[in-house]
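Note that the protein sequences, when read in sequence, are chains A and B. Under the numbering used here, the residues of the first sequence are numbered 1 to 234, in order. Under the numbering used here, the residues of the second sequence are numbered 1001 to 1254, in order.
No lab work stands behind these hints, which were simulated from the structure alone. Every value quoted in this text rests on a predicted model; they were computed, and no experiment measured them. A few of these clues could be false.
Far from chain B by the CB rule (all over 10 Å, computed), these chain A residues [unchecked claim]:
| no. | residue |
| --- | --- |
| 1 | Pro91 |
| 2 | Ser92 |
| 3 | Glu97 |
| 4 | Gly138 |
Interface residues of chain A toward chain B, partial, derived using beta-carbon atoms under 10 Å [what the hints assert, rightly or not]:
| no. | residue |
| --- | --- |
| 5 | Gly14 |
| 6 | Val16 |
| 7 | Arg20 |
| 8 | Arg74 |
| 9 | Leu106 |
| 10 | Glu152 |
Cβ coordinates follow ideal geometry from the N, Cα and C atoms, glycine included.
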Amino acid sequence: MSLLDAQGLYAGYGGVDILRNTHLRLGADEIVVIVGPNGAGKSTAMKAVFGLVPIREGRVHYQGEDITNRPPERMVTRGIAYVPQEANVFPSLSVLENLELGAYALRGDHRPRLEKVFEIFPRLKERRNQQAGVMSGGERQMVAMGRALMVEPRLLMLDEPTAGLSPRLIDETFERIREVNQLGIGVLMVEQNARQALAIADRGYVLATGENRYEDTGPALLANPEVAEMFLGG
Amino acid sequence: MVEVIQLLINGILLGSILALGAVGATMIFGVLRFAHFAHGDFMAVGAYFALSVVTVFNLPVLAALPVAMAATAGLAVAIDQLVYRRIRRVQPVILLISSFATALVLRSLIQMIWGSSNQVYQTGIQLPWRIGPFTLKPDHLLIFLAATGLVVTVHLFLTRTRLGKAMRAMSDNMNLALITGIPADRVIMATWAIGGALAAAAGVFLGMDTRLHPVMGWTLLLPIFAATILGGIGRPYGRSSAGWSSAVPWSSRH
């Protein structure tokens, strides 16, 4: 059974479908990347799965359970965490407070979870009393991912985690994503840095105008000349 | 010079009353993104609640304060559930206008229930302390200390408790708070309860300092928002100092 299975999604804003018969599937330990041109509906697909954009038709199953159009707080308590592309930290709160709030929906002691996040991102431990809003883009992205990991998710959804980062930080972010995945967390992400993302991905989807165009293993998509020419910039 | 310092003392007193109103108004603005025009009338309602407790049970006004704060907190939550919650999804300007209507309704209710003439908690004259050339009423010191205590309590609530941090998170980034799984409805209710309670305390202190009348809160709405904006609207800190700095010139007019 797959961790996430979205079938035949039609979803969008104000009656206009951005997704048209979109499919997504993710195995428990997989990294799956959604790539495609601007306006392809990549972010919308993520938001629809997480219950932020209403799904008009189609079903989303998570661990076999129907979670279509459930509100975000229900997703969080079931072990799905989502990191939006922009405005993904609480700027006036400290790093520590950002992380603590990540576990708001969960009961019990969050100190062990905090330690785990600090293990993955030691830098956050050093800077835990810093205001998140004054940190660099790379550090903010760590805070955002750390906050998501505080719910001990089985599925982590990342919307363009490397957007606006320097090449060195992009490498580091992908490295962290791999580490997170090795803890047994499924990762579904949208990426503009398609080549690098597909290189660490188990599988990838190419979306265009809200429809599935290609789906294959990461290396196979990278090797596919049509995909390379049309969607990866030659 | 003596007069300036005396004005400063009076300004600090009025400032602590304004600060209580401004902290509540700014918390409501931070979480709900609209200027709550009925906030001054929450103050008046709180003051009159205390008046009822004082006259019916013959209690000192400070003993009536917690009752008035709790009752006004309840009223604020009830008004939110009845009025604001239904129109929260529309533009903020609609909320603002409806809070204006709420203000009018509250003021009329006060006139219906308690009458429109001036009233006081306590008759008689309180002899001021004379410190050199300056005078200080014992009530003023009490008001200043109680108001400071309440502001410190709110600060501790916002920085040390789970709910307080969630409130700041919502005021920071509503969307992310939702994504994180923070229960918005519960935080909003808490915000109204705290805003209402602080407004009631401000109203009671104002009544202790002067007198009670149905527009006592309404006339303070402008300086409250002045303090709110000066302190940075939607940001819970800097509010109290802003309350004091906007009150000093205000009090010199009287």
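Outcome of the hint check:
With a least CB separation of 6 Å from chain B, A/Pro91 falls inside the 10 Å interface cut-off, contrary to its annotation. Against the 10 Å criterion, A/Ser92 falls within the reach of chain B, whose nearest CB is about 5 Å from its own CB. Distance to chain B contradicts A/Glu97 as a non-interface residue, since its nearest Cβ pair spans about 5 Å, not more than 10 Å. The claim that A/Gly138 is not at the interface with chain B holds, since no C-beta of that chain comes within 10 Å of its own (minimum 18 Å).
Hint status for A/Gly14: violated, given a least beta-carbon distance of 14 Å to chain B, over 10 Å. For A/Val16, the interface hint is violated, since its Cβ never comes within 10 Å of a Cβ in chain B; the closest pair sits about 20 Å apart. Given hint, A/Arg20 at the interface with chain B, is violated; its Cβ is 25 Å from that chain's nearest Cβ, farther than 10 Å. For A/Arg74, the interface hint holds, the least distance from its beta-carbon to any beta-carbon of chain B being 8 Å, beneath 10 Å.
The interface hint given for A/Leu106 holds, since its Cβ lies 8 Å from the closest Cβ of chain B, which is under the 10 Å cut-off. For A/Glu152, the interface hint is violated, since its Cβ never comes within 10 Å of a Cβ in chain B; the closest pair sits about 13 Å apart.
When each numbered hint is compared with the structure, violations occur for hints 1, 2, 3, 5, 6, 7, 10.
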